[in-house]
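S.K.: Each chain, letter by letter, is given below.
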Amino acid sequence: MKIRSIKIKRAPVALVGAIAGLAGVVGFHSATRAPGLAGSPAPASGSGGGLGSKGTVSTPASGGGTNPSQGQAGGSQAGGSQAGGSQAAPQSAIGAKEQYGYGLLAVKVTVAGNRITQVSVPTIQVADSYSGSIAQQVIPMLRSQVLSLQSARINGVSGATYTSEAYAMSLQSALNKLHFK
Amino acid sequence: MVTQKPPRPWVVDTAVVIAGIGLGATIGLALIAETRSELVAAGGIAIFLGNLTAMAGTYLALVMVVLVSRIPAVERSVGQDRLVRWHRRLSPWPLSLIGAHVVLTTIGYAQADKSGALHQLGTFLSSYPDMAEAIVAFGIMVVIGVLSIRALRARLRREVWWTIHLWMYLALALAFLHEIALGPSFVGHPLARAVWIVVWLATAGLVLAYRVGLPLLRSYRHRLKVVEVRREAPGVTSIVCSGRDLDRLAVSGGQFMLWRFLARGIWWQAHPYSISALPRSPYIRLTVKEVGDHSGALAKLHPGTRVMVEGPYGAFTRHVQHHKLAALVAAGIGVTALRALLEDLPGGPGGAHPVVIVRASRPADLVFHSELATLVKHKRGELHEVVGSRDEVSFDEAALRSLVPDIAKRDLYVCGPEGFVESVVGIARRLGVAPEAVHHEAFSL
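Chains A and R, in that order, give the protein sequences. Residues in the first sequence are numbered consecutively from 1, following the numbering used here. Residues in the second sequence are numbered consecutively from 1, following the numbering used here.
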């Protein structure tokens, strides 16, 4: 039938188009890679779950014990300059409280010289236990991303986009206070 | 009469290229949304695949909507029966991809949360934005998908199925909300999000303009009314309508329109019927065969009944002709489109000299005999009426070759039930008619 002959003629055309489109998007993305999460606008807060009147759980996540991150994150925040061997004394700042879809958080960062030596989340409030459990899992991952990338331009964690964005934004505001980079 | 603009084949090629680029770009958006750290995290792979299937499936759904959005240039160039066939062929893909998305994303999030899939579904509903709408949308899609399975669809009345089918627009709109709010390819990617929104709004605009706006405008402009209902043969009825400005309705012979007769009980249905004669201002005629409730009710229409129209549609016209000469073959009610097409073909010396073959199982079923005879004479062609049941008179290669010895030098127009059209097209191929010279319009009843 006629239809079939047309399909054969046009399928390669569509395929070439698809490859061109794919290459275009991926190429454009890698060319403009930098902005990452820190540059993106805040997620519309108040949509969906939000910080309803449900019991607000306050969880001091991270900070001490369960961090799987690797060495060199000198625990001391005020103490001497043993961390990076740099001359400047470590300075700390707490970023703005960021509302995200399922809660609110603020990030505290410590900078010694031109290195981020410590990140923690002193304030986190979540609307439900689910969001709490996600945050518990995600914050250590975000922390290790920050420590290895030495920047707020982290990739974030799949499935926790809002949390990642809020984390990155609060971190950026903390870094701004310290005039970091 | 205003002649219709000819079809533009490049429209189709361009559209195919754009559709291909769009598919590639959509898959690209799904790829760039993921980073290695996200992939290796718990549930990362499933979440990634869930997003990929969602993007590809939703994009193909968009293509399906565009295929039936009745863009006039595309309708003229491709023909609606073929567009609908592409729509139908494509349909399993978006449905199964979106189904995979639902499963994979649920599993992925459950893995990330170390919970069960059912628990995860509850969590989606309770704590994610726009997920209730998305789940309703998926439910609608599943229902429509199941009802579209051939065996089930055959049991439904056409208009019932069609009405349920329209709910797909609602489903796509509901699903759109969660795509924008939660889609990893859009959250944090403002440019991608903006493009996605614009593309969907533009598609909605196309549908509104060409499936709603233009038909309303046209119906208002021409203000058609039934003036005569005439019985042509057992179960075959012609309806003559009159209207204003019909000389400015650009319609070609062989096209059809969607007709909505504003009479009790049938006003809510629009059905496709061929124009059986070129409009002669202020009159236009359609001819229908009684096969269902709607076409049956038309025989009882009263003069004065108001009529709304959509169209004309179809690429079964003289504009697609390749050669000078033509052969026209119709079976059953396909003779209506053939009759109008014949009227529209160029006559005189150097005209189409059409060989017209009309197939019917009983002599009583032959309609338009005298009209066809007159037109054929006028166009300097021949008329053959092949009467008899399929078993008695087979319409095969030998028959077509003896009736139209120079078939390879002619355009072949075939119109009738799907099975008939397919068989004649096959015969023509074997007789050496070039694919681009074969034109057909199949009626699926």
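Because the hints were derived from the structure by calculation, they are not lab data. Note that beta-carbon positions come from the ideal geometry of N, C-alpha and C, so glycine has one too. Possibly wrong hints are sitting among the right ones.
Said to hold, decoys possible - Calculated cross-link-like contacts (lysine-lysine; reagent style DSSO-like; alpha-carbon spacing at most 30 Å):
1) R:K377 with R:K324
2) R:K324 with R:K379
3) R:K324 with A:K97
4) A:K108 with A:K97
5) R:K225 with R:K324
6) R:K114 with A:K108
Stated by the list, open to error - Some chain R residues well away from chain A (every beta-carbon gap over 12 Å; in silico):
7) V17
8) R36
9) I47
10) S295
11) K324
12) A373
13) L383
S.K.: Give a verdict on every hint.
M.R.: Structure-based check of all given hints:
Using a Cα cut-off of 30 Å, the hinted pair K377 (chain R) and K324 (chain R) holds, with the two alpha carbons roughly 17 Å apart. A threshold of 30 Å between alpha carbons decides the hint, and for K324 (chain R) with K379 (chain R) the separation of about 13 Å falls inside it, so the pair holds. A distance of roughly 77 Å separates the Cα atoms of K324 (chain R) and K97 (chain A); the hinted pair therefore is violated under the 30 Å criterion. A hinted pair counts as satisfied when its Cα atoms are at most 30 Å apart, and K108 (chain A) with K97 (chain A) qualifies at roughly 10 Å.
In summary, the hint linking K225 (chain R) to K324 (chain R) is not supported, as the alpha carbons are separated by about 37 Å, beyond the 30 Å threshold. For the given pair, K114 (chain R) sits about 28 Å from K108 (chain A) by alpha-carbon distance, which is consistent with the 30 Å threshold. Distance to chain A contradicts V17 (chain R) as a non-interface residue, since its nearest Cβ pair spans about 5 Å, not more than 12 Å. The claim that R36 (chain R) lies off the interface is violated: its Cβ sits roughly 8 Å from the closest Cβ of chain A, which falls inside the 12 Å cut-off.
With 12 Å as the threshold on Cβ separation, the claim that I47 (chain R) sits away from chain A is violated: the shortest Cβ distance comes to roughly 5 Å. Annotated as non-interface, S295 (chain R) keeps its C-beta farther than 12 Å from every C-beta of chain A; the closest such distance is 27 Å. Listed as outside the interface, K324 (chain R) is consistent with that label: its C-beta sits roughly 20 Å from the nearest C-beta of chain A, beyond the 12 Å cut-off. No beta-carbon of chain A is positioned within 12 Å of the beta-carbon of A373 (chain R); the least distance is around 30 Å.
For L383 (chain R), the non-interface assignment is confirmed: its Cβ lies about 26 Å from the closest Cβ of chain A, beyond the 12 Å cut-off.
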